[in-house]
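Asker: The two chains are supplied separately, each in an independent frame; assemble them into the complex guided by the hints.
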Amino acid sequence: MSKHRMLRFFSVLFAVALIASACGNDSSGGDDAAPSDAAPGDEAPSDEAPSELAGTTVTVTGPERDESEANAIQIALDIFADANDMTITYTGDADWEANINTQIEGGNPPDISIFPQPGKLADFARDGSVVPLSDAAAAATAANWTEAWTVFGNVDGVQYGVPVKTDLKSLVWYQPDRFAANGYEVPTTFDDLLALTDQMIADGNTPWCVGIESGQATGWTFTDWVEDLMLRTAGAEVYDQWVSHEIPFNDSRVVDAMTTVLDLWNTEGAVFASGGSIAATAFQDNGEPLVAGDCMMHRQASFYAAFFPDGTAFADGSEGAVDVFYFPSIKGDSPVLGAGTLAAGFNDNPATMAVLEYFSTPEYAEARQVAQTEGKDGGLSGFLSAAIGQDTSVYQPLEQSFLEILANAEVVRFDASDLMPADVGAGTFWTEGTSAVNGDITAQEAADAIEASWPS
Amino acid sequence: MVNAAYRFLRSLPTWALWAIVFLWSLPTLGILVNGLRPRDGQRSTGWWTVLGDERGLTLENYRTVVEASSTTNLFDAMLNTFAVTIPATVIPIAIAAFAAYAFAWIDFPGRKGLFIATVSLLAIPLQVALIPLLQLYVSGAHLTLPILNKTITLIPDLDLAGTTTAVWLTHAGFALPFAIFLLHNYLSQLPGDLFEAARIDGADHFTIFWRLVLPLSVPVLAAFGIFQFLWTWNDFLIANTMAGSNPDALVMTIRIANLAGDFGRNEHLLPAAAFVQVAVPLAVFFGLQRHFVRGLLAGSVKG
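Chains as they are written, first to last, in my numbering: chain A, 1 to 456; chain B, 1001 to 1303.
Be careful, since some hints might not be right.
Calculated from the model, a selection of chain B residues having no Cβ within reach of chain A, i.e. all distances over 10 Å [unchecked claim]:
id, residue
1, 1029
2, 1123
3, 1194
4, 1285
Calculated Cβ distances over 12 Å to all of chain A for the following chain B residues [to be verified]:
id, residue
5, 1004
6, 1010
7, 1013
8, 1026
9, 1030
10, 1033
11, 1052
12, 1062
13, 1118
14, 1125
15, 1281
Which residues of chain A face chain B? A few of them, derived with a C-beta cut under 7 Å, are [claimed, not checked]:
id, residue
16, 89
17, 105
18, 176
19, 285
20, 389
21, 393
Just so you know, these hints were derived from the structure itself, not from any lab.
Ideal Cβ placement from N, Cα and C applies to all residues, glycine included.
Pulled out of the complex, with its shape left as it was, chain B reads as follows (with noise of 0.2 Å):
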């Protein structure tokens, strides 16, 4: 009797989880089933209606996504996030992982004060710095001093708006804080012990940061990536900014975006292109998985 009541009790909290679960699947699995569904059938009825639907279900929505090609295909497209999302994700994490290593680890005069001032970057909307910064990568920077009218070129012109360099350079700066941060973080939480004993070994710097502390933070480098990834990937307002105007450099969201076409009429399309959008990124959340659940310290320091 006491015992079904606590194992009924004990189950509350996992019904409650499934309950959670289960609503927040549902717009998902709304979105998959009208991707399914032709455009009558979405303009005039809601996803739960599918059962009694006569119109049926069809691929013809994924196929239109896979081949229209009006402003880029598919794969064009893909190759152009990639090649925005990969160095957007690696070089933030690249930089930031050394700098993060000197702010937690490295003694050097006015160490507090810089990274007071790295982490309150993390403040500062990247909104406000889109169209400066495009007028940098159109222009570059020029200073001309005032009395003497002299010119001087601060950054060239590097012509690069209108580029995937663009889009992964403005990533890449505007992930830096965040990253350095939570590195930071993370890396001085580790045993000073182990940063002794290293040094006792005759490990410099480099080699300490190289044998030790990248092998021991793949768990919060790979957390960072996935994060920087995600939101790279799905970045609409950068690339539309930087390279929106230039047909060769479109990624995925903004030739999604375009798929719906003027005053909306090819809306039944978004459905199928977000599941196409998705898949990526599920594919790597899902490959890389395990290196996000292994130990922190695993098999590093014994005892």
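Only chain A is shown next, with the shape it has when bound in the complex (with noise of 0.2 Å):
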């Protein structure tokens, strides 16, 4: 008898089989029709003639992958994709710095991918991997961004990369009531941010939150700083030497801004840090003790309002408001420290280069800017474009703040950690730099471990 109940049960598994492979070919082939699906459009047909880019699709893939994000970037990129009767899809993936090797070896490269970093698209340019941009899709990235900008694209004089985002890093978390309840102003210059921790320490109040563990990548948030310092203390020339390694790791200047970051970290009753050490605290939690009091200020990028507890307002005055003011500068020269992401093409097809040429666009920045403020329910996008000509009412106030500092700004450098090779700045400038945020070695030995692995 129950050879037979055995029987049916192995009977059902293949069914339940045959059905899979059935399913498993359907989703397969599903992408396969997509672009015929659309070729024909159930749109009624346009008066226009037919774009020559009518029926083509691309693939676009980066790292980010948020809900808001992610559609965001589809929607935006819609807007092209029905106005010339295309298709292109977007994809966010979590594994973006792995996977993009993978496909590029594996032979089946997306056709744009966007970079969050300008040294891995250097390093694809220069193997090939990646096409110069066409001269309609390099002139219209040099009409919509300037050159502080369009520079991390471009690849030994040749202009590859189209900016598509941009984040900046400069800048102070803070709550202006909680500063007037004290009776403080907002330093605007370095020295003035110094004396206003010594005085906050004085009062018995906490200045700094910092937190920078980050999983792998725990300690970039220690990068950022000793970056931002470098550019106000060394200058933006010494800062291009330090990233391209003209002047070595270890150089002076350099164990001085680390040695800076961490005499201030350092101070008796200067940093709160949530999970009891500041290598301990997820760079995450740091907005929460800023609401809660337990800290004046926190040094972080645009991006970082994401990371505030719900219902948190931001500049708009009302009590518990929370606000930014810029990192200040040393020599006056208002540097600004920014990071971002840039598009880059994998062939030079001409849909591949249209698509490109309109990620370069301010239609484009503000039809994402739009969608994900929808996407946030009408909060903060954490999306912030420098493109030329953009509709800022697109933008709530405390982004137009961004806006204007980077238009204020004379000097803007990217993060050096993303430019340098990947051993360093993906790698060892992270690790000693946690080592030495937590008094195992100091910041001389620090640099000199950082200069030792940097790849001949």
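Answerer: Below, the structure is given as structure tokens:
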């Protein structure tokens, strides 16, 4: 009797398998069918002549995969796709940095990818995986962005990348009414900032929230501080030499910048770390203590708005609202540490280049900003673009102040750790920096170790 | 007195087991509790403080996990996972059962060497083969003869990259050595008398395999099936490499990893997502449980 039942069990298993493989074919056939589905189009025939891009498909991948971010990118791309009767798909990839290598080696890169690191884009450009922009796309990029930003997509004099998003890092988050209640003023020089820090400690307040834990990337917050200090103490020229390794990593000016950061953090009473120590506090966990009043200031990039507790108001003058001030300069040249993403193509198909051209436009930035603000239910979008000619009314007041800081900046430099070779910028700079923050080694020892790890 | 001491000593292993069960369930309990807490609660205090937390419990995280649709919606991702998992479980079992029977009970020349070769494939880590496999899926395999200058296509360009087919094909291939090894060990332990009796009754190899071996080996097939099912259900690496660039073919694990968001800003969704992810394996395990515990040779041979 049990024999029969087992046979029945097996026939069920096989039946399920057959159904499943039918399903499998369905879903794999789906993407082949997609373009032909789109080509005939259900929309009413338009009066215009059909675009030469009609029926083409362009795939875009990138590291941004949040619900609101990925949707906003897709919506902004769909505007262009619908106008040209083509299909553009965006895929956000949690493991983008590893996957793009695999896809290139495996021979199936996407048409376009969005790079968070100019260093990686330059590597791919030099080995020929990424193709230069067409003349039209390069001209559009030059017209829509200042050279301060286009230069990050420029490799050996050839334009490969289109800037698509801007992050502003030289920012300090604070609560204006808490400052007012204590009689503190927003510092405008770096000395004022240090004096304010001392003043807060003397008053029994904790000035800074600092946490640098970020999983595998623990330490990147420290590198941002060092980079901001380097830009201020050593200047943009030395900063560039530092990034391109024309001066060694253990140059005294770099060590000085690291020491300044460490001294500030190690000052008795200067830092609140909710996780017990700076290195054990997740960088995401600094918004809550700032709102709760455990600390007065937190230096972090423009995207940090997403990490404040639900219901936090931003720069609207209400009680408990959070605002930002510019991390002050030392020499009065208002340098800005930025970061961002660049789109680049893996083939020179007309459709690929047309989409890259669209990426550079203020229309793309506005469409994405509008969609992303909607995705955040009207809150801060977390998106920022320095494209020229945007309608700034799509940005909220705090975001407009970011744009103002960008516009006033005489010097813009990209996050150095994103420009350095990955062994350093995403390796020893983080790990040795974390050791120095923990007090296991000195700034000099950390700089020596990072210098030794620089690939020759 | 002695009795009491004896009873106490005898209960020790039970208590030790309970302690282990408790310790091992603790992280799961923590995930369950955190999955029900709002983001700010998760971000500020540990899950064990939930009782004194005025933020309370919410199903909001589960709602977001189920409804979020930026990459792929949950239902599509689950269908993709099934489309990978079921062929990747059934196909290796089907092939391995035939192969194991042949290795165990058919005497053919080179049997030992072939079996050793198959089993030694167990030692090859699948990670080293991922990129070559992907290249194979993208452009096939072509051999250019050096002197004749002629190219032979060994495997045509099937354009499988970015499909669930590529994922289950890889899973199925890499499961075979272990499946054959496991099933062979089990089948070779079946009593030889049984096969002799069947042969005397005029059964050929196929009849023996179909009428005797398969029904007898249901427990081991089910045991391997659940291992393979769990492994493919929870796989991230292979699915990510083979189909990660196609939003229409994303499986659940990739979708859940994407939920965490840039800079981990939505990490508070992961505990809830983890429970959605384990729901199906748990159902399969409890549903098939009685097949695992059934006696090995129950009712087949008498005496």
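Asker: All hints are to be evaluated individually against the structure, with a verdict given for each.
Answerer: Checked hints:
{"no.": "1", "hint": "1029", "verdict": "22 Å, holds"}
{"no.": "2", "hint": "1123", "verdict": "23 Å, holds"}
{"no.": "3", "hint": "1194", "verdict": "13 Å, holds"}
{"no.": "4", "hint": "1285", "verdict": "16 Å, holds"}
{"no.": "5", "hint": "1004", "verdict": "45 Å, holds"}
{"no.": "6", "hint": "1010", "verdict": "36 Å, holds"}
{"no.": "7", "hint": "1013", "verdict": "33 Å, holds"}
{"no.": "8", "hint": "1026", "verdict": "21 Å, holds"}
{"no.": "9", "hint": "1030", "verdict": "17 Å, holds"}
{"no.": "10", "hint": "1033", "verdict": "19 Å, holds"}
{"no.": "11", "hint": "1052", "verdict": "17 Å, holds"}
{"no.": "12", "hint": "1062", "verdict": "15 Å, holds"}
{"no.": "13", "hint": "1118", "verdict": "23 Å, holds"}
{"no.": "14", "hint": "1125", "verdict": "16 Å, holds"}
{"no.": "15", "hint": "1281", "verdict": "16 Å, holds"}
{"no.": "16", "hint": "89", "verdict": "6 Å, holds"}
{"no.": "17", "hint": "105", "verdict": "5 Å, holds"}
{"no.": "18", "hint": "176", "verdict": "22 Å, violated"}
{"no.": "19", "hint": "285", "verdict": "6 Å, holds"}
{"no.": "20", "hint": "389", "verdict": "27 Å, violated"}
{"no.": "21", "hint": "393", "verdict": "26 Å, violated"}
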